[in-house]
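Participant: Below are the chains, spelled out letter by letter.
2 protein chains.
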Amino acid sequence: MVKILRINTRERTFTLEEAGDYAGLGGRALTSRIVNREVPADCHPLSAENKLIFAPGVLTGTKASSSGRISVGAKSPLTGGIKESNSGGVVSRKLAKLNLAAIVLEDKPERDAPFMVVRVDKDGVTIEDAPAVGKGNYEYAKELDAKYGGSATCALIGPAGEQCLKSSTIQFTDMEGRPARSAGRGGMGAVMGSKRVKAVIVDDSGAGNVEYSDPDAFTKASKRWAEIIREHAITSQALPTYGTAVLVNIINEAGALPTKNFREGRFDRAADVSGEKLHEIIEARGGKTREGCHVGCAIQCSQQYLDEKGEYVTSGFEYETLWAMGPNTTISDMDDIARLDRACDDMGLDTIEMGNTIAMAMEGGLIPWGDGPAALKLIEAVGEYGYLGKLVGNGTTYMADAYGVDRIPVVKNQALPAYDPRAVKGIGVTYSTTPQGADHTAGYAVCQNVLSCGGDVDPHSKEGQVELSKTLQIATNAVDSAGFCLFVAFAVLDTEDALQVIADMVAAKAGVNFTPDDIMALGKQVLDDEVDFNRRAGFSEVDDQLPRFFRKQLPPHNVTWDFEYQEMQAVKA
Amino acid sequence: MVKILRINTRERTFTLEEAGDYAGLGGRALTSRIVNREVPADCHPLSAENKLIFAPGVLTGTKASSSGRISVGAKSPLTGGIKESNSGGVVSRKLAKLNLAAIVLEDKPERDAPFMVVRVDKDGVTIEDAPAVGKGNYEYAKELDAKYGGSATCALIGPAGEQCLKSSTIQFTDMEGRPARSAGRGGMGAVMGSKRVKAVIVDDSGAGNVEYSDPDAFTKASKRWAEIIREHAITSQALPTYGTAVLVNIINEAGALPTKNFREGRFDRAADVSGEKLHEIIEARGGKTREGCHVGCAIQCSQQYLDEKGEYVTSGFEYETLWAMGPNTTISDMDDIARLDRACDDMGLDTIEMGNTIAMAMEGGLIPWGDGPAALKLIEAVGEYGYLGKLVGNGTTYMADAYGVDRIPVVKNQALPAYDPRAVKGIGVTYSTTPQGADHTAGYAVCQNVLSCGGDVDPHSKEGQVELSKTLQIATNAVDSAGFCLFVAFAVLDTEDALQVIADMVAAKAGVNFTPDDIMALGKQVLDDEVDFNRRAGFSEVDDQLPRFFRKQLPPHNVTWDFEYQEMQAVKA
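Listed in order, the protein sequences are those of chains A and B.
In terms of my numbering, the first sequence is residues 31 to 603.
In terms of my numbering, the second sequence is residues 31 to 603.
Any given hint could be a false lead.
No copy labels: a pair is met if it fits in one copy or bridges any two.
[Unchecked claim] Pairs of lysine to aspartate or glutamate residues, derived as DMTMM-like cross-links and limited to a Cα-Cα distance of at most 20 angstroms, are as follows:
1. Lys582 to Asp137
2. Lys290 to Glu140
3. Lys33 to Glu47
4. Lys93 to Asp153
5. Lys165 to Asp365
6. Lys33 to Asp486
Since the hints were made in silico from the structure, they are not lab data.
Here the structure is a predicted model, which is why all the values come from computation and not from measurement.
With the rest of the complex left out, here is chain A (with noise of 0.2 angstroms):
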């Protein structure tokens, strides 16, 4: 029977409770429920009444391709509403094999307190002081790896999050053992951070595996779900080789890449930052294409990016972070962006954010457009635990505010990723009415409106893409609910089988009656849950916008956003 680990960080000690209300919940159902249920919507995010969650999927553990995801759950300090963030690492199978369904972090101590680290293996918890802090995540690592290492993995916090910035990300050790996975979005590493807590090492030495209620029902229904992944040209072909980085070239054609801060929809040195210059350069250098972010994964975009002198600089080194470090500042010089890259996880920072933070500083004047080194700087002053870290790692209006910027791409105060919403108006529907915040994971229209993957709905046209941008929200938050990379929707919507095969592994797994149809309730009520919350916080439907200055057009299609909040309530009906 899974339990659920609860950890006061105040006194330092833990329970271990059955599942109850929440048994049969995993991943971001999880973690949305437990913050609705018990974090008061009016809290501060860094007040003792936050709790932050870790929670692996429903079927993370299992032999299901790809299912090894880990979901972070907390009110957010960027957004102020409610988070589910989302990453790979090795973290989430542990949990799953030590039949956790989820960590809860709860109280804080005082702000001066040490900080803390908390290890949990098959026998019980133990929290102790960290060792010394102030450093970056990659050198923190192999500092924790020498002193708890062997079959141990770790969550933790860099520079930001022990500052409890906004912008903090959790990042999670990978299979080599490096922190280059990061639960990203909505500053959960400073929630993190306010508890005291530097790392949390899950140990699963001597765990068995997880248990499945028909084993032989859920070995075949995987082969299939197996086979679903590998037959699906996205993630058996575009994906492995080019990483998600394969978007490059694709939106820039699509006229929707972000350029210069959402001025337009191209980029003339698109190809000097694209899947394909990506790949050439990490094969020049005997970098490694092909990689996954968690064991069992059957898609492996991530990769080894290496510097001339052929040294580790960065992996999970995806199309986001080169649009927001690229495309959106003007900086075109890839290695530039891979130590942007590697900066931001050494730093623990979100790449989204801090890629608009950045194009938010160059409009501001303090350093200038594409200049790469001069952002690096930037990225890396929030390891001097100075000022100028204060305005970088608290992210985009923070640094807008402090420059008197009025051009500020965020919707709930969270940056938007690399997808220009006139052009891509699915997915503008999406940031706008998703309660995470301007979030293009929360549900991917891009399938749609730009890939032909699921369906063929017209990017330009209004038509369609509130009931699209719904249906994807709905399925995402199952998804995430499973410990599912996202990825494997492209699978997903282009296999006729796919969601009864799903189904078919949940109730193999958990012994319980399980349907296509229970998997899209699963996905409403967790929507239900976030919107509850955000309401609760305070947020209204004009919330539900993006900024006004997405009314004007963008070049090359001279499209704008022409959406009102009205007209995309229905979302959330």
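Assemble the complex: chain A is given as a structure, and chain B must be docked to it using the hints.
Facilitator: Relative to chain A, chain B alone:
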């Protein structure tokens, strides 16, 4: 016929319009109506779509005592809602004498365009590049006086406004040409800065007196009005003798003087920062204990505070400032606090917001509690145009966010003034519900809760507070629309014929029927405008509440804040 002067700050052009739909409105009624009608509620406050409005009251420029205040309106960069910020100074009366109901600054130039000076006189408007900026208001006002002098007085922004920081004031010169009067709250200086207007100079040379429809009736009513103010103990004795600082001992005695960021209701060194002490110091050093903030003020609650060498430091040294910089930060040296007040006027910063910001810096460990010189360095940093100044000038929440502080006394992102809402519940209802964000002047229930003025309502009980706050908010809107100083309310509340006398003055001035009922209807109309704008700007009912830490007990009376936002919505009904 009064006109509205509109200035396009991008084109540097102007138009002089008939009042049209706005005819008969003045002060806050006019600024809030224009904002609600003309400014898109979802625009960025620093964008070209925001407008900055200066409006004298409908009785400003007349013989009515204490009627020379000015309303400044815009969408607030601090709160994101509608804002009316009110000030003394000499500009208001001169605008009235020039027959201007309002100056409206529209559009905005490029962000690196030179700052401009707008000069208004009876012959029209001239707009020219401002003298070199980047210096404090005291020095700059002298330069302007040397250049434009004589009958010219001005509204100007300091280094904070130039940087568009969210606590920026607009300072108004007083009768001695000192920029010591502030439209302090809500960042109006940032809006002016975004429009690249450094100063608005108003010269009434050659203008006639304001016209009266029935001069004799006005003279009769205004004489009675002068008597009413002269006969009330607060307006004729307490305020002229001790200034608003008379409240320090009174509110401390009531257990409602917020101490060390709202931890206690009494300050053990309150006597050191009291009105009595202030009076003693000023007298001993040969300063002025009485001074009006505008021509025709019958109350004279201002003063001139000198340093130990007998040199002028500051004036308009208010209770709110003494509290914000004093008990709230545990600084208790009167000279330190006076220098902080001077520095805020010089930088163009709101003293209430800055006192709370300093408290956040102390909470966060940036400077020690009670350290006056360290606090002064923070304020002065705004004039250095560096990173620290951004953290300071953007106000309470911004500073708190830099250091992960979760005890932030704000409503709608505006910092609380000098009355703990747990011990003066009527003012707590005002803080919570006024569209202005936490603002004591919006409905000053301290009168009935503590001062036994205009009735008696138990400050610790919930009973009657919502009705009280509503009545006061509506009445205040009317006071602010007439151009009266809010302090006339003390006398009005205790004098049976006062409302009738005010109505008579309006009627005699404008040649319209006007009754006490019309006064309240006008006030309600203003509230409706402001509530409507905020709703369209994204505020929900949930935003009408105090931070959760006010639910904890406040010594010495161990009272808590126990209103739910739902219970207070009747204010806006």
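Participant: A separate judgement is required for each hint: does it hold in the structure or not?
Facilitator: The hints, checked one at a time:
no.: 1; hint: Lys582 to Asp137; verdict: between (46 angstroms within a copy, 16 angstroms between copies)
no.: 2; hint: Lys290 to Glu140; verdict: between (42 angstroms within a copy, 17 angstroms between copies)
no.: 3; hint: Lys33 to Glu47; verdict: within (5 angstroms within a copy, 72 angstroms between copies)
no.: 4; hint: Lys93 to Asp153; verdict: neither (25 angstroms within a copy, 84 angstroms between copies)
no.: 5; hint: Lys165 to Asp365; verdict: neither (23 angstroms within a copy, 42 angstroms between copies)
no.: 6; hint: Lys33 to Asp486; verdict: neither (43 angstroms within a copy, 57 angstroms between copies)
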